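With this note's numbering applied, the sequence shown corresponds to residues 1 to 181, in that order.
Because the hints were derived from the structure by calculation, they are not lab data.
One or more of the hints may lead you astray.
[To be verified] In silico DSS-like cross-links for lysine-lysine, where the CA-CA straight-line distance does not exceed 27 Å:
| hint | residue 1 | residue 2 |
| --- | --- | --- |
| 1 | 124 | 89 |
| 2 | 60 | 4 |
| 3 | 60 | 49 |
| 4 | 49 | 67 |
| 5 | 49 | 116 |
Model, not experiment: these values are computed from the prediction.
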Amino acid sequence: MHPKHFSSEGIVLARRNYGEADRILVLFSKSFGKISLIAKGVRYPKSRKRGAIEVFSHIKFAAIRGKNLDLITEAEIIDTYNPIRRDLKRASLAYFFMEAIGRTLHEGEQNMEIYKLLIEYLNKLKIAKMLKRLRLDFILKLLTLEGFWPEGKPMVNPDGALEEVTEREMNSYRVGKKLLS
1 MHPKHFSSEG IVLARRNYGE ADRILVLFSK SFGKISLIAK GVRYPKSRKR GAIEVFSHIK
61 FAAIRGKNLD LITEAEIIDT YNPIRRDLKR ASLAYFFMEA IGRTLHEGEQ NMEIYKLLIE
121 YLNKLKIAKM LKRLRLDFIL KLLTLEGFWP EGKPMVNPDG ALEEVTEREM NSYRVGKKLL
181 S
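Can you make the complete structure from the sequences, with help from the hints?
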């Protein structure tokens, strides 16, 4: 369990609206692993945190422990990955990365190697030419780091292996695969 007040940096894996003006975020943080936080009032147009909590944004944040969910109190953008957001194929692949990490990690699970992998692949995605290859390499490295695939062994069906680990079809997989074809 983390202290009452805590801060770190992380990547926003997912977000969903909650109530009238709040959002629940799933972050993959450098110090605390995968965590869920609530961001109060961020759906109001004048919210200062609003732009920082978009999916696949790299942020520095501060939070306090709450009864059910921890509350995010500050959020500062490190990188929004705008070149990715401006390209539909790149954005769909970034969403795939977020979903794959979100589904393979458990709440509170820390893994610095996977954190570094995610940052590395988001940076590669900004400039990559061969998106299909990048996607397959990401799956292989993710499953290897998680211990689901032996290192150095080639993967014949990366999507099937990932779905077997997550025990369900990836939502972003259907969209992304069609775009990358």
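Against the structure, the hints:
| no. | hint | verdict |
| --- | --- | --- |
| 1 | 124 x 89 | holds (14 Å) |
| 2 | 60 x 4 | holds (17 Å) |
| 3 | 60 x 49 | holds (11 Å) |
| 4 | 49 x 67 | holds (22 Å) |
| 5 | 49 x 116 | holds (24 Å) |
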